[in-house]
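So the protein lines, in turn, are chains Z and L.
The first sequence begins at 1 in our numbering and counts up by one.
The second sequence begins at 1001 in our numbering and counts up by one.
Treat the hints as calculated values from the structure; they're not laboratory data.
Mixed in with the good hints, there may be bad ones.
[To be verified] Subject to a maximum C-alpha distance of 30 Å in a straight line, what follows is the list of computed DSSO-like cross-link-like pairs (lysine-lysine): (1) L:1107 x Z:250; (2) Z:463 x L:1069; (3) Z:388 x Z:133; (4) L:1069 x Z:248; (5) L:1053 x Z:250.
Just so you know, these numbers come straight off a predicted model, no measurement behind them.
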Amino acid sequence: MIRKRAEAVLVTGALLVGMLSGCSKPASGSASGSASQKAAGSSVTVKFWSAPQKVQYNFWVSKAKAFNATNPKINGKNVTVKVQEMPESPSSEAGIQNAIVTGTVPAASENISRSFAATLANSNALYNIENDKWYQTAVAEKKAGDTMKEWAIGSKQYVLPEYVNPMTWQWNSKALKALGFSKVPETMDDLKAVLKAFTANKAKMQALGVTHTLYRPALLRSDQWWERWYDFQGIYMALSQKTSWVEKGKLTLDRQGTIDTFQMLGNFGNTIQTNEVTDVWTSKTIPILMSTSLPWDIQTMQAAGKKYGLDGDYIFGPSLVKKAGDTPYNFGDSKGIVLYKNSSISNDQHQGAVAFLQWMYSDKNCDQTDADWLAATTMLPVRGDTLKNSLFAPMMKKYPELKDLAGYSVYSIPCMASEKMTDIQTSLGESGLVPYIQKSTKQEPLHAPDASADVDNAIRAMKSAGSLS
Amino acid sequence: MAEKISQKSRRDNAAGWLLNIPYLAYTLVFFLIPLVWAIWLSTMDWNMMSPDKTFVGFKNFTDLLHNSKAIAAFVNGFRYLIPIVILCFIFGLLLALLISALPEKIKGIVAVLFFIPYLTSGVATSVVIRFFFSYNSAFNIFLRNRLHWDIAWFQNPTTAFWIIVGIIVWKMSGYYALFLLAAIEGISPDVSEAAALDGSVGFHRLIHITLPMILPTLTTVIVLAAGLAFGIYTEPYLLTGGGPNNATTTWLLEIYNTSFTSFKSGSGAAMAIINALQIFVIIQLITWLMNKLNKKYGV
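Given the sequences, and given the hints that come with them, work out the whole structure.
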């Protein structure tokens, strides 16, 4: 009896110790969690988070390896940069939020949008880098001084933009040529001419397998707030000639520019494809005339045997402007690098991260870093000389579409610097764009309903959601 | 003698508490502390990243009264509850009855086959369903070419809602059928024989003999299905995003969006508490009703 009781107590105790030990902090020297960041003795381990994508992770691992091989030192201590993929679930932003609250945040990471950087900066979780030497060298080497103005958050700089995907239009070359067009549309009048030709040649288009003009399933999904970057901001920036959405707690959205944007989409009428179509650009017959551009898919397109150019299968066109001569501004799908401020990050670790970035973007390495990035990801680095620098020429030759994209990237505007971007863009969809598209898709092309009321609803909703004046 | 008994009783009590420590510790660490923390969080305006936290009292709760998505999630909880409980009950029972009538040799295999959907990942199922209902799927091409039906499945609130209900019922019916099968198999053959001798066969036997005898298991199945209806997340997240017009949204989806995309952690915690209260009240109500039914049939 006593033995039985003793056994029970022993088992219970073992279970309890085992369970509670799972809740304890890792022992010093452990490679997990924040302990890996602890500067111990004569070495400093710096944690860097890459985007949760293999290509980007491999790029950063190779760069960290090369940097570590230079035996870098901070305050006499050896620095080792360790790259990890940032958590993807439930989202990379939520992963960073969790890391900040639990003190496991890295010293630096990539994959940060301007909007999320604004949230982090307002939460005092980022270093202002505008006066850092490494940042100034990087901007000078990249010849990106003008671009950086678009990245300011409250007149300060927190992000070094890494890549930009200019979001413009992607056209079905064969359909465009069959309609009698020998160049990509550039203005609203050009678009109207294309829509007129499409309506007049529906049977011809059907024979080619082209059933719809614009492919945009997300137009009816207000929950996918980020899609408003692609189906609103890009068009709006061109039609409003770069009038910002939000500035200093004020909704600065140009009402007329917004109406023009809605009505431009409304002009597609019932020829918009709002249902999901699988492999829309890589299927044997491309069933649509155009869509927002997919710059990240150029390797997939090439692998599917699709040729770029007006004589090929698809071509990128600029943002459509109101009249010839206007600047074709577009939305820049762009993310960058930040340095985190947190009590769990020691000064040595912060300096180690700075040393790593200084090495990456030094006058000696910067061009090669960006050339390697382009070769690895086919996403354009944020630079002012992509078309002129000979280091990028081999990739431009391999992917001719990159040349056009580089030309458009000059006019790319990143997302707004607002903590409430998610709510603002959700409201735009919910109270304005989605109800308008539900109406306009019942009309024939070129009969866009008046968008004033929907735009006014959207403006009211955005002001309320974003606490904006 | 009495002192000896009292000593033994104290020792037994101590051993009981000791043996319960792992469970109590587990409950404390993974349930009570998070619950208290969630209640505290629900009274704050905080994104969990900023050093600034503002105490807002019950504002996060009162704000939900004006939040159309939270209201939709509350209402949709009931909209999902009714068809999911009824259909899971009907299909689960049908499957259990069919399997119980099969020869012993294949009964086990068939039961496992119907259990497989439960083991299938909701993500995988949703991806397949998304392809199945895409514009250029064989199914939709057939509908357009043969019947001239051009249906935007996920843009219509009714079809989108029923697709999600369909997936959940398909996934869970086989699982609940196993519970019911075990209960049906547990009915003594003597009872079945006596019923047959009295002329109670087929539908009559199902209603008057089988169902009353498996009522405790039915209660479990109904309570589990009711809880499930308030915990839907993967399917609307991947297929509809809660739309169109909030027709398919759920509490979990709204809690996720509020906490992790809008970074309003306090508001997300308030939603989680309301969701928990709604589930608690509904489950209590269903349990009370089922217990009344159980008492009526003397089980």
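Taking each numbered hint in turn, which are not upheld by the structure, reported in ascending numerical order?
Violated hint: only 1; rest satisfied.
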